[in-house]
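> Chain A is already provided as a structure; the job is to place chain B on it using the hints.
Number of protein chains: 2
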Amino acid sequence: MRIVILGAGNVATHLAKAMDENCGNVVQVYSHTLKNAVSLAQTLRNAKPIDDFSNVTRDADLYVISVKDDAISTVVDAIDVDAGIVVHTSGSVSVDVLNRKFEKSGVLYPLQTFSRDVAVDISAIPFFVEGCNEITSSLITDVAKRLSHRIYYADSAQRKQLHVAAVFGCNFVNYLWIQADEILKEAGYDFKILEPLILATLDKAVRVSPLKGQTGPARRGDIGIINTHKRLLTLDKATLYQMLSQCIMKKYDIDYE
Amino acid sequence: MRIVILGAGNVATHLAKAMDENCGNVVQVYSHTLKNAVSLAQTLRNAKPIDDFSNVTRDADLYVISVKDDAISTVVDAIDVDAGIVVHTSGSVSVDVLNRKFEKSGVLYPLQTFSRDVAVDISAIPFFVEGCNEITSSLITDVAKRLSHRIYYADSAQRKQLHVAAVFGCNFVNYLWIQADEILKEAGYDFKILEPLILATLDKAVRVSPLKGQTGPARRGDIGIINTHKRLLTLDKATLYQMLSQCIMKKYDIDYE
Chain A
1 MRIVILGAGN VATHLAKAMD ENCGNVVQVY SHTLKNAVSL AQTLRNAKPI DDFSNVTRDA
61 DLYVISVKDD AISTVVDAID VDAGIVVHTS GSVSVDVLNR KFEKSGVLYP LQTFSRDVAV
121 DISAIPFFVE GCNEITSSLI TDVAKRLSHR IYYADSAQRK QLHVAAVFGC NFVNYLWIQA
181 DEILKEAGYD FKILEPLILA TLDKAVRVSP LKGQTGPARR GDIGIINTHK RLLTLDKATL
241 YQMLSQCIMK KYDIDYE
Chain B
1 MRIVILGAGN VATHLAKAMD ENCGNVVQVY SHTLKNAVSL AQTLRNAKPI DDFSNVTRDA
61 DLYVISVKDD AISTVVDAID VDAGIVVHTS GSVSVDVLNR KFEKSGVLYP LQTFSRDVAV
121 DISAIPFFVE GCNEITSSLI TDVAKRLSHR IYYADSAQRK QLHVAAVFGC NFVNYLWIQA
181 DEILKEAGYD FKILEPLILA TLDKAVRVSP LKGQTGPARR GDIGIINTHK RLLTLDKATL
241 YQMLSQCIMK KYDIDYE
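Sequences listed follow chains A and B, in order. If you're matching positions, the first sequence starts at 1 in our numbering and goes up one per residue. If you're matching positions, the second sequence starts at 1 in our numbering and goes up one per residue.
Just chain A, same shape as in the assembly (with noise of 0.2 Å):
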C-alpha cells in the first residue's frame, strides 16, 4: 500500500510514522513548510517531501489529509487522485467534504492528543472510522486495525458527541486542574501531590462509573464542608465551587438550603 501523508503536524508525524511501520510505504510527505516535510520524511523509510501540491502523485492507494479543520478544503480542491482512498483526522470536519470530490473518502479519527516529542503507543488509541460508502469504510477499517487494537465506527454526528465529550472529560477538567494547581501552589505543594487521587477517581470512573464513583462535600451535602472551603477561595474559585457543587447535588437530589 502506497501511502501520501498530507500534513506535517502532530498527528500527521505520529500517524506517518505508525503508518509506514504497520501498513504500507509512505512514498510523500506534503507540507505547505518543505522544512516541516523533510524533517517528518526523514524518520520514515522512503518517503519525498514535497512543497507543492502539483507534484502529488495521482495513483497513491492511501491519501492522509492530517492539517488544520479549515485547511482540509484547500487540500481537497488542489489534489486529484485517480482511485486511491482520501481520509481526513478531524473529529469536527464532516466527511461531506471529501466525498463531493473523491470517489473513495472518509474519516480515521484518534481519540487523542499529541505531542510531537513525546512517543505514544499508538496501538492504544481509540480510532473511529467512517467511509462515504461501505466498502470504502471497512478497506480504511482494515489500514486502521493495522495501528490499533481499538477500532470503533462514528459518523459525523457521532464524532461530534466524541468531541463534546472530549471537551467535558479532558479541556474542562484540565481547567479544574488549573484550579487545584494553584490553590496547592498557594499552600506550598506540587500538583504531581495530587496525581495518585486522581489516578484512583479514573480508574473507579472506567470500572464502574463517574456517576456511582462520585464523592465529596457535594454529594454527601455537607452544606458544612462547602461554606469553609468558599470562604478560603477567591471570588472566582469560590462562584466555580458554588456553581459545581450545586450541580452535583441537584444530580443526586440534595437538597441546598
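I should point out that these hints are in silico values taken from the structure, not numbers from a laboratory. Just so it is clear, the structure is predicted and the values come from calculations on it, not from any experiment. Heads up, a few of these hints could be off.
Identical chains share a label here; the pair holds if one copy fits it or two copies do between them.
Claimed, not checked - Subject to a maximum C-alpha distance of 25 Å in a straight line, what follows is the list of computed BS3-like cross-link-like pairs (lysine-lysine):
1. Lys251 x Lys204
2. Lys68 x Lys35
3. Lys145 x Lys185
4. Lys68 x Lys101
5. Lys204 x Lys250
6. Lys68 x Lys204
7. Lys251 x Lys192
8. Lys204 x Lys17
9. Lys250 x Lys237
10. Lys17 x Lys48
11. Lys17 x Lys68
12. Lys212 x Lys250
13. Lys204 x Lys192
14. Lys237 x Lys251
15. Lys212 x Lys251
16. Lys68 x Lys48
17. Lys192 x Lys145
18. Lys68 x Lys212
19. Lys192 x Lys230
20. Lys251 x Lys230
21. Lys250 x Lys230
Relative to the frame of chain A, chain B by itself:
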C-alpha cells in the same frame, strides 16, 4: 510498637493492614459494630476486636483514630491513654480536637480515596503529617515513612487547602466525567474510550503544568465550535459548557464576542 486502630472503615482497614506489616503490631481494633472490628482484626496478625471504649488499652504506643469526621470528638472523649501518640487521619479536622486532651497528638492524613476491597499501593500515596510539637511530629513522620515514600508536612490550614484542591481536582472533575459519560452513552460509546485521552492530559498536566497543557475550543477562542457544541447539548449541559468556556477564555485573555 503497639498500635490501636479506632475505626474499621475504608481508611482504617487499609492503614491497619499496612501498619501491621510495616510499623509494628496492631494489638486492638475498635469499632462500635463488633462484626466490623472482628472482620478487620481477622486480617491482621494478632489484633483483638473490641466494641467497648472501656476496653481500649491505655499503654499502646500509637492510637489511630480513623472514623467519620464528626465522630472523632466522641472517640477522644471516650478513650484514655498513658503516654502514646494519638493521631487522626482526617483532612478537614484540626489537630486541636486531640490536643486539648492528649499530650502527644497529631495527624496522619493520606491523600487518597479507598475502597475496602480494592488493593492500593500504600507506598505511593502521599501522606501529610502534623504533630502538636516537633518531637511528636518527627515520631509520626517516622511511622509514616514506613508506610509510604511520599511524606509531606501539613498544618491544619494547609490540610484544608489540600482538601479544597482535591475537591476541584477529583470531585468536580468526576462530575465532568459524568457529563462526558452521558454524552458518550447517547452516541453509543463507553466512557472507557476517553481513558487514553484523559491519561495523556493528566500526564501533560503533571509533567509540564495544567496551565500550559490547556487545549480545546475555548483555549483557541473557537466560537464557531463552541456554539456548535452548545446546540448539541441539553440545557443544563449547554449552560455548564458555556460557563466553563468563558472561565477558560477569561483565564487566557481571549475575547468572547
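> In ascending order, which of the hints set out earlier in this document are inconsistent with the structure?
none
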